[in-house]
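Enquirer: Chains as they are written, first to last, in the working numbering: chain A, -4 to 232; chain B, 6 to 446.
A few of these clues could be false.
Said to hold, decoys possible - Straight-line distance between alpha carbons at most 25 Å, and here's what the computed SDA-like set of lysine to any residue pairs gives:
1) B/Lys334 <-> A/Pro228
2) A/Lys221 <-> B/Lys334
3) B/Lys225 <-> B/Ile259
4) B/Lys384 <-> A/Ala213
5) A/Lys221 <-> B/Leu443
6) A/Lys221 <-> B/His77
7) B/Lys225 <-> B/Ala145
8) B/Lys316 <-> B/Arg335
9) A/Lys221 <-> B/Asn41
To be verified - Computed beta-carbon distance windows for the label pairs:
10) A/Asn123 <-> B/Leu443: 31 to 41 Å
11) B/Gly98 <-> A/Asn123: 57 to 67 Å
12) B/Pro229 <-> A/Thr158: 52 to 62 Å
13) A/Val138 <-> B/Leu443: 45 to 55 Å
What the hints assert, rightly or not - According to the in silico footprint, chain B covers these stretches of chain A (three or more CB under 8 Å from chain B):
14) 11 to 20
15) 30 to 38
16) 169 to 182
17) 216 to 223
These are computed hints drawn from the structure, not numbers from a lab.
Note that beta-carbon positions come from the ideal geometry of N, C-alpha and C, so glycine has one too.
Each chain, letter by letter, is given below.
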Amino acid sequence: MSRVAVIGSYNTSPRDLFHVDLMRYLEAYGCRPSAVVFRTGAEPRSDVPLNTIHPVGDRSVVQVSRFDDPAAIEAMRRLSADLFVYAGGRDLLRPGVLEAARLGCIGSHYGPLPEIRGMGTVEWSVLNGRPIVVAIQRMAAGVDVGDIVLQAPVALRPDDTFTTIRDRCYFWAKIMLAVAARALLSGSTVATPQRLDEGRQYYRLHPDVTALATRKLAVRLQAYGKHPWAFGPGRKR
Amino acid sequence: MPGVIMAVRQRLRLGAKYRRLKGLYFPGPPPPPSQNTIDPWRLTHLERHRPHAPGHAEIFLRDTQGLFEPIHDDLVHLDATLDWLLRAQDATGSAGFAVGYSFAHGWLPAYPETTGYIIPTLWDAFALRGDERFRQSAIAAADWEIAIQLPCGATRAGYEGDPDGFWGKELVPAAFNTGQVMQGWNRTFVETGDSKYLEAARRAADFLVDCVDDRGVFVKGLSPGPTSRTRSYYARAVYGLAWTGALTGDQRYIDVSRRHLEWVLDQQRSNGWVSYASFVAQDDGGEALTHPLAYVAEGLLECGLVLNEAKYVEASRRIASAVMHVCEKRGLFLPAMLSRRLTSEDRYSCLPGNAQFACLWLRHGMLQRNLPMLNTGLKMVDWLKGVQSLQNENPGIRGGLAGSWPIDGGYSIFIYVNWAAKFFADSLMLARSVRRRLLES
């Protein structure tokens, strides 16, 4: 039985942690998480000790203040996980975390790899005329330079905005993390190293560049508005 | 006071009854899927369909979220569909067309039945696009069908190498498949003038006429896959027989065709529905999938035109019209299965059926200058464009059409089937012609 542990920022009771949607998707797809390593993003919860494996039924949680804290990394190692699944956020995970599980740690990225790495990647994808993609990578030290496990372009709606697209990417990423986790654990897929020279790192956008991306997105979405169900089944345009 | 209570109760009862009947006969469109959420149950059986393989995950996520692809000109979608069909042929290495691309198994083996009726589509595509590849593909497929024709003249049921074991390994002569393949031979004879194709069709016709009893019911050559024992959807096979009769002048073929079609007419109910239009129904009231129901309507229409018999065309129009109302009342959603009362609780579509009815609406719309039917036909073609991925990195998916929408629906689950692509290509060519006529009128 493979052991999958989730790393993420949550502020909920230890028991409820295993009912958030990512955990449910992982479980439904045959990768029941055995542990969750979490930080609250604010004051630590008083009901869970820091950097300690805290049992919850037949599973366990570890509360940390920072993921790269040596004590936190030591607790993660003691989980003996086969794979960590990073639920998402802006944490730069250090090598100690990335090596704490046998198969490393997978995380998501919203842009085609290796072409578009870094920040504002949904907008940069549109600016570069590239599809908006959710990529699952085996995380490595560096910004979005990990081996690629799975990539899928995200379907759009005619009334999309960058906010709704990012929300959709976030949802797709959760399903794809479950798919990638099981594929890696079963050995049915192999992560492919990125050719970094085929892409570049992008940074936060200036408002004027964001405005240009918004105009380009509107052009791209026109073709989606022609579908009879463009605004929902049976709804009038 | 008790009178008031009774009146209120009565009103409540009537209201509940009205809502129940309304839900049964005029159900609205399927509820819009909740955004950014999914019932975890739908993930439980995903593993064997390899969602980690290139291009698979995006189709599952797109469909389960009720999202669609961008819509382009008819020819853009047509070219992509035809390219998919050519890839399906290349994949088998035999000139027969692969059953389809399965998420679980990849490209499937060649399917004699559907290869036969893909041939006329290729000839139409050649006429429209002038691409020599389509002519060569049609001829190679017609030759392959001759090479595998059974000594009795029939085409076999199922296909060799079925990874799911649905068809078994026995080589069974199948009347339905034979009639479908005859359409390919007939058309290739018309296009090339080479008599070997008509000779093959004649041998097949000799087999077919022996399969129909005095009532006009097919009692021999029943494919072992479907479990129904009485089948009105064989009207589409009879189209091949009637056409061969017209080409050869052999009256036996015409007589047997008419005998079967008259029996099919007897199965039609006042609401347009036709009994026994089902792969599985054991009696005359069983539900039918839109795909075989469309086979009945197609058979009646084509036979009506070949035999110059208006009542067959009219019977076909009645089916098409009934299904058009079902579809429109649900906000352009065509449920996969329909009961004899034209009701359905299905929340998925059978995409070959959708494409076939799009063709039927466009054909009847043009024949009878029926603008509402043309209108629904064009909308359905646009709807289908939205489930065709033109950019998918997987060549088994790019340009093809799945069996079900959503992809995990109940028909040919997680398979892009060649007959969906065939009927979609037909519908795109018809839609192009209709749009031009509308512009000119």
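Enquirer: Each hint: holds or not?
Expert: Hints, verified against the model:
With a C-alpha separation of about 11 Å, the suggested pairing of lysine 334 of chain B with proline 228 of chain A holds against the 25 Å cut-off. With a C-alpha separation of about 20 Å, the suggested pairing of lysine 221 of chain A with lysine 334 of chain B holds against the 25 Å cut-off. A distance of roughly 18 Å separates the Cα atoms of lysine 225 of chain B and isoleucine 259 of chain B; the hinted pair therefore holds under the 25 Å criterion. Restraint check for lysine 384 of chain B and alanine 213 of chain A: the C-alpha separation of about 23 Å stays at or below 25 Å, so the hint holds.
Taken as a hint, the lysine 221 of chain A and leucine 443 of chain B pair is honoured in the structure, with Cα atoms around 18 Å apart against an allowance of 25 Å. A distance of roughly 8 Å separates the Cα atoms of lysine 221 of chain A and histidine 77 of chain B; the hinted pair therefore holds under the 25 Å criterion. Proposed proximity of lysine 225 of chain B and alanine 145 of chain B is contradicted: the alpha carbons are some 29 Å apart, above 25 Å. Between lysine 316 of chain B and arginine 335 of chain B, the direct Cα distance comes to roughly 29 Å. Violation of the 25 Å bound is thereby established for this hinted pair.
At most 25 Å may separate the alpha-carbon atoms for a hinted pair to count; lysine 221 of chain A and asparagine 41 of chain B meet this at roughly 23 Å. Taken as a hint, the range 31 to 41 Å holds for the pair asparagine 123 of chain A and leucine 443 of chain B, whose Cβ atoms sit roughly 38 Å apart. In this structure the supplied range 57 to 67 Å is violated for glycine 98 of chain B paired with asparagine 123 of chain A, their Cβ-Cβ distance being about 39 Å. Checking the proposed 52 to 62 Å range against proline 229 of chain B and threonine 158 of chain A shows it holds: the Cβ atoms sit about 55 Å from each other.
Valine 138 of chain A and leucine 443 of chain B have their C-beta atoms about 53 Å apart, which keeps the hinted 45 to 55 Å range intact. With 3 residues having a Cβ less than 8 Å from any Cβ of chain B, the stretch 11 to 20 of chain A passes the three-residue criterion, so the hint holds. Counting residues of the stretch 30 to 38 of chain A whose beta-carbon sits less than 8 Å from any beta-carbon of chain B gives 0, not enough to reach three: the coverage restraint is violated. Counting residues of the stretch 169 to 182 of chain A whose C-beta lies closer than 8 Å to any C-beta of chain B gives 7; at least three are required, and the coverage claim holds.
Check on the stretch 216 to 223 of chain A: 5 of its residues sit with their Cβ under 8 Å from a Cβ of chain B, so the three-residue criterion for coverage holds.
Hint compliance for this structure: hints 7, 8, 11 and 15 are broken, all remaining hints hold.
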